[in-house]
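> Here are the chains, one letter per residue:
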Amino acid sequence: MDSKAIKIAANKVQVHYGDTHAIKDVDVEIEDKTVTAFIGPSGCGKSTFLRCLNRMNDTIDICRVQGDILLDGEDIYDKRVDPVQLRAKVGMVFQKPNPFPKSIYDNVAYGPRIHGLARNKAELDEIVEKSLRRGAIWDEVKDRLDAPGTGLSGGQQQRLCIARAVATEPEVLLMDEPCSALDPIATAQVEELIDDLRSRYSVVIVTHSMQQAARVSQKTAFFHLGNLVEYGETGQIFTNPEDPRTESYITGRIG
Amino acid sequence: MAISWLLLILLALAVIGYFTGRSRALSSAGGNVRELHSLPSYYGYNVALTALVPALGLLMIWLLVQPMIVNSTVSGLIPDQALPEGADRGLAMSEVRRVSDGLDGAVAAGAISQAQASNADADIEELTQTLKDAGQVLTQDITQPILVAAQKYRSMTTTGSVAMQVVVLSLALLGAAFAYIRTHKEFRARNVVEQGVLALLLLAASIAILTTVGIVLSMVFETMNFFQLHSWKDFFFGGTWAPNFRGGSELSILPLLWGTLYISLIALLVAVPIGLFAAIYLSEYASGATRSVAKPLLEILAGIPTIVYGLFALLTVGPALVSMFGDGGMLGVGWMASSNAVLTAGLVMGIMLIPFVSSLSDDIINAVPQSMRDGSLGLGATHSETVRSVILPAALPGIVGAILLAASRAIGETMIVVMAAGAIAKFSGNPFEAMTTITTRIVSQLTGDTDFASPETLVAFALGLTLFIITLGLNIFALYIVRKYREQYE
Chain A
214 MDSKAIKIAA
224 NKVQVHYGDT
234 HAIKDVDVEI
244 EDKTVTAFIG
254 PSGCGKSTFL
264 RCLNRMNDTI
274 DICRVQGDIL
284 LDGEDIYDKR
294 VDPVQLRAKV
304 GMVFQKPNPF
314 PKSIYDNVAY
324 GPRIHGLARN
334 KAELDEIVEK
344 SLRRGAIWDE
354 VKDRLDAPGT
364 GLSGGQQQRL
374 CIARAVATEP
384 EVLLMDEPCS
394 ALDPIATAQV
404 EELIDDLRSR
414 YSVVIVTHSM
424 QQAARVSQKT
434 AFFHLGNLVE
444 YGETGQIFTN
454 PEDPRTESYI
464 TGRIG
Chain B
82 MAISWLLLIL
92 LALAVIGYFT
102 GRSRALSSAG
112 GNVRELHSLP
122 SYYGYNVALT
132 ALVPALGLLM
142 IWLLVQPMIV
152 NSTVSGLIPD
162 QALPEGADRG
172 LAMSEVRRVS
182 DGLDGAVAAG
192 AISQAQASNA
202 DADIEELTQT
212 LKDAGQVLTQ
222 DITQPILVAA
232 QKYRSMTTTG
242 SVAMQVVVLS
252 LALLGAAFAY
262 IRTHKEFRAR
272 NVVEQGVLAL
282 LLLAASIAIL
292 TTVGIVLSMV
302 FETMNFFQLH
312 SWKDFFFGGT
322 WAPNFRGGSE
332 LSILPLLWGT
342 LYISLIALLV
352 AVPIGLFAAI
362 YLSEYASGAT
372 RSVAKPLLEI
382 LAGIPTIVYG
392 LFALLTVGPA
402 LVSMFGDGGM
412 LGVGWMASSN
422 AVLTAGLVMG
432 IMLIPFVSSL
442 SDDIINAVPQ
452 SMRDGSLGLG
462 ATHSETVRSV
472 ILPAALPGIV
482 GAILLAASRA
492 IGETMIVVMA
502 AGAIAKFSGN
512 PFEAMTTITT
522 RIVSQLTGDT
532 DFASPETLVA
542 FALGLTLFII
552 TLGLNIFALY
562 IVRKYREQYE
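Residue numbers (our numbering), protein chains in the order written: chain A, 214 to 468; chain B, 82 to 571.
Everything labelled a hint here was simulated from the structure, so no lab data went into it.
It is possible that some hints are incorrect.
In silico DSBU-like cross-links for lysine-lysine, where the CA-CA straight-line distance does not exceed 35 Å [unchecked claim]:
| hint | chain 1 | residue 1 | chain 2 | residue 2 |
| --- | --- | --- | --- | --- |
| 1 | A | K292 | B | K376 |
| 2 | B | K314 | B | K507 |
| 3 | A | K225 | A | K315 |
| 4 | B | K565 | A | K334 |
| 5 | A | K315 | B | K507 |
| 6 | B | K314 | A | K309 |
| 7 | B | K376 | A | K309 |
| 8 | A | K334 | A | K355 |
| 9 | A | K334 | A | K302 |
| 10 | A | K302 | A | K292 |
| 11 | A | K246 | A | K225 |
| 12 | A | K355 | A | K292 |
| 13 | B | K507 | A | K355 |
| 14 | A | K334 | A | K309 |
| 15 | A | K355 | A | K343 |
| 16 | A | K246 | A | K334 |
| 17 | A | K334 | A | K315 |
| 18 | A | K355 | A | K315 |
| 19 | A | K237 | A | K315 |
| 20 | A | K343 | B | K565 |
| 21 | A | K315 | B | K314 |
| 22 | A | K302 | A | K315 |
If the Cβ cut is set under 10 Å, some of the chain A residues that face chain B in the computed set are [to be verified]:
| hint | residue |
| --- | --- |
| 23 | T272 |
| 24 | V303 |
| 25 | A378 |
Output of the computed footprint for chain B on chain A, the stretches with three or more beta carbons under 8 Å from beta carbons of chain B [to be verified]:
| hint | segment |
| --- | --- |
| 26 | 290–300 |
| 27 | 311–323 |
Note that this is a predicted model, so its numbers are computed, not measured.
Ideal Cβ positions, reconstructed from N, Cα and C, are used throughout, including at glycine.
Based on the sequences and whatever the hints tell you, model everything.
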């Protein structure tokens, strides 16, 4: 696989939650237009690290982040960077589908409205349709855009949330275990969607399912006890890991 | 024997029952606790409860029913012509009770003998004098029929209470014996005790419900009496409130309802924005330290008795408003003549409702899941955009419910309006004028020397029932909305 431009570069990142040292010295380079999977046992810090990438940890009082995280060469923890603007560029999809208690249309239009991406109603309609198509849910909801988003099934809700994240035209899409609340059919649909999204975005996905990491990602990072143990091509990690801890994890001996 | 002695005996019986039941269970298992179906204490509780609960229940019913039976029997003994001029049977009955108490007291004090007290042919004047000398309270001289009735009352009450003690105690003994005989290692005492406790819980719940039903029924009967004396058309559709105790009153609820709704509206206009903004600040922006100080402080407002708010309205807010809007006031408009006004009552009632609105809204805003906030922040919305576009819409049904509950509080509020709203019933849109409310009129119709046979007094019940129905409707509607909202996230 040919190497691509580096989208996000993290350098010596440390995260503390109060007295807990959650992330220790993590260096990682995430490529553009690639799906990168973060795997590791529960509590290893992969979700915490993911939330550092769009400064969602800022909303937690006791959380401190040190080190550099560069997005396109710019430090996102620089004082001049507005975390709100950053989050428009680095979208996020959460573990549990969390559509707003609004109509499907308004859910998707939420981001574009806030950021003024549409000049008029027609443009907004277009963005909503495009995003729902990209979220692979357009055909299921096109006749009931006014119905509440909370009335959809779990899998549909999650794809709606992805469409909602895509609507703000982010450059990076962070996904925190997006399929953990979904059944296998919905999971397959979301995975297919992730594969499509790769053509336009850099996607980072946290997952507990190693099969899922193997199916959707090109690069995989293995976290253990707050350390980044191994990072490389997905095929390499799963067939020929360098570190014994990685091997133990993927063969099911630790977890 | 007084009721307290009876209760003490029952209690002692229960305690004895507990220990004997427990030891019988243990001995039936040969002292081995593991042979028993239940823990030994359950066998004890079973005996104690079986002795105590039915006996107490019977005691309660007896205490309620006996006076009714005695009253109706004795009241039949008083002939119509024996009633004093203008007095009704109820007054005569209270005289009977007083005489009967007087006889009891005199016997206890040794002024007369038991036989003298029961002697139907006793010399009335002499007896009256004896009772008065013995320090018993009599409002008038005893007449022959009253004396006969009082003696009958006395004897029935005495017989009744002796019978009650015998029956209650034997029921307790029977219960204890029954449970004691049933006590055996195979007996499922735990299940029986749990069922008994369940029945007690059920009883507590049904007492609360039955009381509500009783309150409603008593209001309904008095209201029906009222509508027999006064036209319902005037009450619901008339335009004037002019009670006149000499008769010919016009008693329409509409001007009062107007005053009530007008004052409540002003109260809500004050309470809803302030309470809601306070709730938003506290739940979304305040730091933990601020919140832990500010929230209890705000809730202190809710603990102030409404009469104190009334004083505040009367002494502070009213005069302050007059000095602004009154003749020669700061604004020089001369709109407000007296400190009793719709605006005064509305403002103070609004202040009273602030903690109510803010506390409920705060809970509702906190109940919006964190994932909603994360979702919005993750899309690049600011905190304030999140509050405005996601959290408030999500919490809106609950907030509406809170406002409706506050409205029903405002409509039913009494003390503040009694002290600050005035007493003039009229339709007016001017907030600087005095107006009156349903609750104020209920107070004024029922305080003082009242006669529960005139429409001017009975109208209070019709007003109260209407008020009750309005607030009940609002509460049900509010709870429906709040519950519907809760379902969304569960």
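> Each hint should be assessed against the structure and marked as holding or not.
Each hint tested on the structure:
Among the hinted pairs, K292/A with K376/B is consistent with the structure: their alpha-carbon atoms are about 33 Å apart, no more than 35 Å. A distance of roughly 18 Å separates the Cα atoms of K314/B and K507/B; the hinted pair therefore holds under the 35 Å criterion. A threshold of 35 Å between alpha carbons decides the hint, and for K225/A with K315/A the separation of about 41 Å lies outside it, so the pair is violated. About 32 Å separates the Cα atoms of K565/B and K334/A, which keeps this hinted pair within 35 Å; it holds.
For the suggested pair K315/A and K507/B, the alpha carbons sit about 45 Å apart, so the restraint of at most 35 Å is broken. For the proposed pair K314/B and K309/A, the alpha carbon gap of about 60 Å is over 35 Å, so the pair is violated. A C-alpha spacing of about 31 Å is found between K376/B and K309/A, which places the hinted pair at or below 35 Å, so the restraint holds. Between K334/A and K355/A the CA atoms are separated by roughly 17 Å; this keeps the pair inside 35 Å, and the hint holds.
This hinted pair checks out: K334/A and K302/A have alpha carbons roughly 23 Å apart, not beyond 35 Å. Of the supplied pair hints, the one linking K302/A and K292/A holds, its CA atoms being roughly 17 Å apart against a limit of 35 Å. Under the criterion of a C-alpha separation no larger than 35 Å, the hint pairing K246/A with K225/A is consistent with the structure, at around 24 Å. For the hint pairing K355/A with K292/A, the CA-to-CA distance comes to about 42 Å; that exceeds 35 Å, so the pair is violated.
At roughly 57 Å between alpha-carbon atoms, K507/B and K355/A are farther apart than 35 Å, so this suggested pair is violated. About 30 Å separates the Cα atoms of K334/A and K309/A, which keeps this hinted pair within 35 Å; it holds. Of the supplied pair hints, the one linking K355/A and K343/A holds, its CA atoms being roughly 11 Å apart against a limit of 35 Å. A threshold of 35 Å between alpha carbons decides the hint, and for K246/A with K334/A the separation of about 31 Å falls inside it, so the pair holds.
With a C-alpha separation of about 18 Å, the suggested pairing of K334/A with K315/A holds against the 35 Å cut-off. The suggested pairing of K355/A with K315/A holds, with an alpha-carbon distance near 16 Å, which does not exceed 35 Å. A threshold of 35 Å between alpha carbons decides the hint, and for K237/A with K315/A the separation of about 40 Å lies outside it, so the pair is violated. About 34 Å separates the Cα atoms of K343/A and K565/B, which keeps this hinted pair within 35 Å; it holds.
A hinted pair counts as satisfied when its Cα atoms are at most 35 Å apart, and K315/A with K314/B does not qualify at roughly 47 Å. A hinted pair counts as satisfied when its Cα atoms are at most 35 Å apart, and K302/A with K315/A qualifies at roughly 23 Å. At a threshold of 10 Å, the smallest CB-CB gap from T272/A to chain B is about 6 Å, leaving the interface hint in force. Evaluation of the V303/A hint against chain B yields a held restraint, the C-beta minimum of about 9 Å falling below 10 Å.
Satisfaction of the interface hint for A378/A is found here, the shortest Cβ-Cβ separation to chain B being roughly 7 Å, below the 10 Å cut-off. With a cut-off of 8 Å between beta carbons, the segment 290–300 of chain A has 4 residues touching chain B; three or more are needed, and the interface restraint holds. Coverage of a stretch by a chain is defined here by at least three residues with a beta carbon nearer than 8 Å to that chain's beta carbons; for the segment 311–323 of chain A and chain B the count is 6, and the condition holds.
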